[in-house]
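**Student:** Read off the chains here:
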Amino acid sequence: MPGSAGEKTLMRIFISEADRHKGKPLYEVLVEMLRKQGFAGATVLKGVAGFGENSVMHTDKLLCLSTELPLVIEVIDGEEKIQQIIPQFDELMQGGMITLEKVRVIRYRS
Amino acid sequence: MPGSAGEKTLMRIFISEADRHKGKPLYEVLVEMLRKQGFAGATVLKGVAGFGENSVMHTDKLLCLSTELPLVIEVIDGEEKIQQIIPQFDELMQGGMITLEKVRVIRYRS
Amino acid sequence: MPGSAGEKTLMRIFISEADRHKGKPLYEVLVEMLRKQGFAGATVLKGVAGFGENSVMHTDKLLCLSTELPLVIEVIDGEEKIQQIIPQFDELMQGGMITLEKVRVIRYRS
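Chains as they are written, first to last, in the working numbering: chain V, 38 to 147; chain Y, 38 to 147; chain L, 38 to 147.
Since the hints were derived computationally from the structure, they do not count as laboratory data. Nothing here was measured: the structure is a model prediction, and the numbers come from that model. A few of these clues could be false.
Given that identical chains are not distinguished, each listed pair holds provided it fits within a single copy or across any two copies.
[Stated by the list, open to error] List time: in silico DSSO-like cross-link candidates among lysine-lysine, alpha-carbon distance up to 27 Å:
no., residue 1, residue 2
1, K61, K139
2, K59, K73
3, K59, K139
4, K139, K73
5, K61, K73
6, K118, K61
7, K118, K59
8, K83, K118
9, K118, K73
10, K83, K139
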């Protein structure tokens, strides 16, 4: 059954699998923050190749040995809620990028 | 060679790998519906981690044993065509979310 | 630390893993072009299933034997820079699609 609908903000966080915060993978730290602060959900996508600031190309060709592949964390929520968490991310991000887009959302309840 | 171009709608369907419809994986049912109804294409992306409504964190760390990873199905087509299929999805969705965005499209013909 | 921010263009290139240019995987050719022409980054996502123009369904179910899975290459940069590279892609694309969207970007420097 369709539930609430409306305009929300899609936040996409582009980081590397290699990024760490106090020894922990950065994506785990960010996703855990989102979960604790009551965001409705998050999806982590992993790239199979890519390059970033340093222009070094990374791929997963070497039997998945590469640990520097790109990650994209996707979060959809209200603009205000997202604007409130970004300053907390500022201290953790060591490069990478955040993008924001408006999307129309249809949310379903199980 | 570039073919048609113009403004289209990007529909993204966020579900779980664990979602089923009559015993079949839900993503297969949805993609098959899209194919049969003449949509130009669909892409299914699988997350490596995420959480949803229930706030339970899922990852693929345990040797790919997790079968509750997030899936994102992406479809790009005319707004009208997409608006017509959404009510058919309403009966199948058991949670999750659909987002809609306008995108500029350059389509190539092989 | 947050660096530059502002409105940028998200280009997403939808191709197949099977696409080739002079024997080389097309996604590698495209990513290499982006890197050489000074784009800030690129991320290649690989689908686990999908269908395209020919409506043939592809999945990775057969022990990853499928080599026709969909790929999405994502690039975020200025609209002008992206508009300049698209004509170069036109000659290489053998089907597939490019989409363009405006996104708000917060870029971090390591």
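**Student:** Next, verify each hint and record whether it holds.
**Tutor:** Here is how each hint holds up against the structure:
| no. | hint | in the structure |
| --- | --- | --- |
| 1 | K61 with K139 | neither (31 Å within a copy, 33 Å between copies) |
| 2 | K59 with K73 | within (19 Å within a copy, 34 Å between copies) |
| 3 | K59 with K139 | neither (33 Å within a copy, 34 Å between copies) |
| 4 | K139 with K73 | within (24 Å within a copy, 30 Å between copies) |
| 5 | K61 with K73 | within (17 Å within a copy, 33 Å between copies) |
| 6 | K118 with K61 | within (25 Å within a copy, 36 Å between copies) |
| 7 | K118 with K59 | within (26 Å within a copy, 37 Å between copies) |
| 8 | K83 with K118 | both (25 Å within a copy, 26 Å between copies) |
| 9 | K118 with K73 | within (13 Å within a copy, 38 Å between copies) |
| 10 | K83 with K139 | both (23 Å within a copy, 23 Å between copies) |
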